[in-house]
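K.L.:
Listed below are the residues making up each chain.
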Amino acid sequence: MKKTHIPKLDDFIGGGIPEGSSILFCAVPGVECEAFGYQILNGIIEDGHKGFIFTNVSEPNDIIYEFSQYGWNLEEYLEEEKAFFVDGSSNFIGVPPNGKYSINELSQIEGIVLKAIDDVSNGVGVINNLSTLIDYLEEDKIIEILDKWNKRAKANNTILVYIFTKWGYEQKLIDTIKNSVDSVVSLTSIEERVIIGQGFMVTSASWTRPQNNMVLFFVLQPGGVKIYIPKILVTGPYNAGKSSFVKSISKKSVSVERMALEKFPTTIAMDIGHVDHNGFVADIFGTPGQERFDLMLNVLSKEAVGAFIIVDSSAPQTFARAKEMINKTHAKAIPKIIVANKQDMPGALSPEQIREAMKLDKDIPIIPTTITENIGVEEALDALLKLLYGDTK
Amino acid sequence: MIKTIESGIPGFDELTLSEITEGGIPEKSTTLIYGPPKTGKSIFCNQFTYHGLLNLEPCLYVTTDYGLKQVQNNMMEFQWFIQNYIQNQSLYIIDGISKLSGKKIEDTTNIKSSFVRNPSDMMVKIGIGTRFVYKKSNHFRSTLDSLNTLFIFNPPQMVTRVLNAYLRRITEAGGTCIIAYTEGIINPDTETMLKSLFDNTIKLDGQNIQIKSHFEEEEEVTNYRSTYKITDKGIVVKKV
Amino acid sequence: MIPCIESGIPGFDELTRSDSGTGGIPENSSTLIYGPSKTGKSIFNYQFTYQGLSHEEQCLYITTDQSLKQLEGNMFDFQIPIEKYIADKTLYVIDTTSDISQGMQTKTETIVSSHINNPTDIMVKVGSGVKYICKNNQRFRSVLDSTTTLLAYNDSMMILRVLKAYLMRVNEAGGTPIITYTENSADSMIETMLKSMVDNIIKLDGKTLTVEAMKSIGKRSSKYQITKQGIIL
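Residue numbers (the numbering used here), protein chains in the order written: chain A, 51 to 443; chain B, 7 to 246; chain C, 451 to 683.
Everything labelled a hint here was simulated from the structure, so no lab data went into it. Worth double-checking, as some hints may not be accurate.
Facing chain C, a subset of chain B residues (Cβ under 8 Å, in silico) [unchecked claim]:
{"#": "1", "residue": "Gly-73"}
{"#": "2", "residue": "Gln-76"}
{"#": "3", "residue": "Glu-83"}
{"#": "4", "residue": "Ile-103"}
{"#": "5", "residue": "Leu-106"}
{"#": "6", "residue": "Ser-107"}
{"#": "7", "residue": "Gly-108"}
{"#": "8", "residue": "Lys-109"}
{"#": "9", "residue": "Asn-154"}
{"#": "10", "residue": "Ile-158"}
{"#": "11", "residue": "Phe-159"}
{"#": "12", "residue": "Thr-188"}
{"#": "13", "residue": "Gly-190"}
{"#": "14", "residue": "Ile-191"}
{"#": "15", "residue": "Ile-192"}
{"#": "16", "residue": "Asp-238"}
Glycine residues also receive a C-beta, built at the ideal position from the N, C-alpha and C atoms.
Same shape as in the complex, but just chain A (with noise of 0.2 Å):
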């Protein structure tokens, strides 16, 4: 089995793909999905072994650029022969071939890959992208192709990667080639009257049953294909150590899609952060702890996904302020982790005794911290991550 390195992927597909599979990723046009093949690609070479990239779209410098934004070093894997390119994209437009294979006729695509499969015996292969093959060549022929590039994969244990984008193709050829490959990653957007999001989803694979849910994501540069966590709240009594946490978990390098911070004024003091963490990127918003500002809570909270609620274990006199406040901002029917800070202080109650004190239900998690010396921050992260998408490692 080899991982994808693509978060959340590996653990929806029952820990990786099995060497000699293929998978291919379907996107709705408009949602990004060449990083997906990249990503792979990266990983797995970064793992010791080869890789080949077939670009139709793309010229071979172009897509080194890309990589480059995105962090990973492909020209030094073509320098050191760990990767090479089959180039099918410059002879269309009449610039020189640049890559191990280049294809000048149609009629070469389908042994040149062959070969190419064969080169990187128990690696991977990135196909970007098969709609462009589509178009030229008949219905029969593009799936005969997939099978006789599948079966040399299988034979040489070879991942095949396929980059699809499903334009408006009739549902019997999208059908025919989605039964042709081991799995299928269906990438959506999710819109309202624009697109607002994207999203990806498991929906086949042949080596085990699929966790369907769907994950939200982006594709950041730096950093590739991350799962996005739109609204984490982080609330408490005031002076709990709100602020804090949000700098702490927060790095200030990611830029994530700001759409959803546009959306708040920013009259109100409030701490906001970006964390990018295990794959994972989230905007944070810290709500005040002033109980003038309760009003503003219900509306703070609206679409957070999950929140984390800072009480001060040494300060059993907040506890009752810090249950109103779960009420007041949606908290309630959110997956939520409690944060009981300033361990370190004199008289500061154990997560036990803040479960009782405070009447918390068993599934609510309770991390102690002293965020202050950054003790428990990065266990609170991950009990939250796993509280909204399962294990994360």
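With the hints as your guide, set chains B and C onto chain A.
P.N.:
Chains B and C only, in chain A's frame:
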């Protein structure tokens, strides 16, 4: 009464005035502007775009025939200066062809480069661009100039699919779009099918302008005809 | 007001004079010269090239029908002394008529050969040519004579792509390109596509020169003759 937006072409809105429409381009509709080479289709598109910008209607501009620099120069010939609108981000440009000139375009928030040979990538940028202009105003325009270069770099069926996806994206968001195309570059059947995808078609043949509009409520297609000229201020339609 | 460059064809600049005063070929725009065969299209190109060279504008000349020798001979017939400009390297020639058996050799820095069957190589040479010319100054001219031959020897759609790249490269580098085409030599869709790819269209039918399209002016025409000095309107 069918709501319309101002075309920006003197004489056009008056020509298309009728009992059911206020004259101009019907809002949220799709329009194909076609005709023989060099009859002013690009000019019409630019004029339409610029007029929208003047009216505070942002525009998603997809250019496949001309690179960004050429678009700016083309517009300048008619005193349509778009630099300000690029700066205030009401003009969102997707340049699908500059790559061929060897020039690297630095992508910014509202200028994106792509390549006509990679329609998937173009659609990703069109998706992002649509969202961008929609957030600025839900009265926005979109221009695609033109289908020609798409046909040079992709098989006709692919261009048709991309066109469908593009039209759907814009109309879903409530924008009004115009797409240019030179008649006679693909086989007649495909061309006829292409024209049928649009709510309105405008034909510029060098002298005459012919507008056909297919309104939802009406069964028949409405026809308007007149002559036009290309002046140093752009296209002017003769009042009938 | 678009700046124009002098065409080098007597009478042409007067014919194309716009309200703002100047005539000629709009600078940095692309032009298609087409018409039946033997109507003087190549001669137009010689004069256009010479006008530039004699005024310190370099020229990138891609020839598909005539070898460099033939070109020199023909230009000489119209009293255009081309050897000077070959010698001082202001004329950059890409000769695609080279014999396969000879292989592709670069003869000098500014005289290179390629092959009509290899548009990719031609484009590489165009790239080098443009780069060489741009070292000196911005303004230059370019001639591709003719697209008909290119279309005849290669897949038409591929040639359209290559031509698009050629026009864009020359435009980006600040040049003013002319391409020629023999009417009806390719199918009508290709011909229409060709016309849509350029800014200006000039037709030479043997008797009349018609400017079918040109930036900032409308359709104009004039009778012309081919004399010992070339085309005169």
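K.L.:
Report holds or violated for the interface hint on B/Ser-107, using the least CB-CB distance to chain C and a cut-off of 8 Å.
P.N.:
Cβ of B/Ser-107 sits 4 Å from chain C, so the hint holds.
K.L.:
Holds or violated: the hint that B/Glu-83 contacts chain C, with Cβ atoms closer than 8 Å.
P.N.:
holds (6 Å)
K.L.:
Using the nearest Cβ pair, does B/Phe-159 come within less than 8 Å of chain C?
P.N.:
Holds: closest Cβ of chain C sits about 6 Å from B/Phe-159, inside 8 Å.
K.L.:
Report holds or violated for the interface hint on B/Asp-238, using the least CB-CB distance to chain C and a cut-off of 8 Å.
P.N.:
holds (7 Å)
K.L.:
So, as I understand it, the hint says B/Ile-158 touches chain C; can you test that by seeing if any CB pair is closer than 8 Å?
P.N.:
holds (5 Å)
K.L.:
Report holds or violated for the interface hint on B/Thr-188, using the least CB-CB distance to chain C and a cut-off of 8 Å.
P.N.:
holds (4 Å)
K.L.:
Verify the interface restraint on B/Gly-73: the C-beta must sit less than 8 Å from at least one C-beta of chain C.
P.N.:
holds (7 Å)
K.L.:
Regarding the hint that B/Asn-154 lies at the interface with chain C, is the smallest CB-CB distance below 8 Å?
P.N.:
Hint holds; B/Asn-154 Cβ to chain C Cβ min 5 Å, cut 8 Å.
K.L.:
Mind checking the CB of B/Gln-76 against every CB in chain C and telling me if the closest is under 8 Å?
P.N.:
holds (7 Å)
K.L.:
So, as I understand it, the hint says B/Ile-192 touches chain C; can you test that by seeing if any CB pair is closer than 8 Å?
P.N.:
Holds, because the Cβ-Cβ distance from B/Ile-192 to chain C comes to roughly 6 Å (cut-off 8 Å).
K.L.:
Mind checking the CB of B/Ile-103 against every CB in chain C and telling me if the closest is under 8 Å?
P.N.:
holds (7 Å)
K.L.:
Mind checking the CB of B/Gly-108 against every CB in chain C and telling me if the closest is under 8 Å?
P.N.:
This hint holds: B/Gly-108 lies near chain C, its Cβ roughly 6 Å from the closest one there, short of 8 Å.
In summary, the structure agrees with every hint in the numbered list given earlier.
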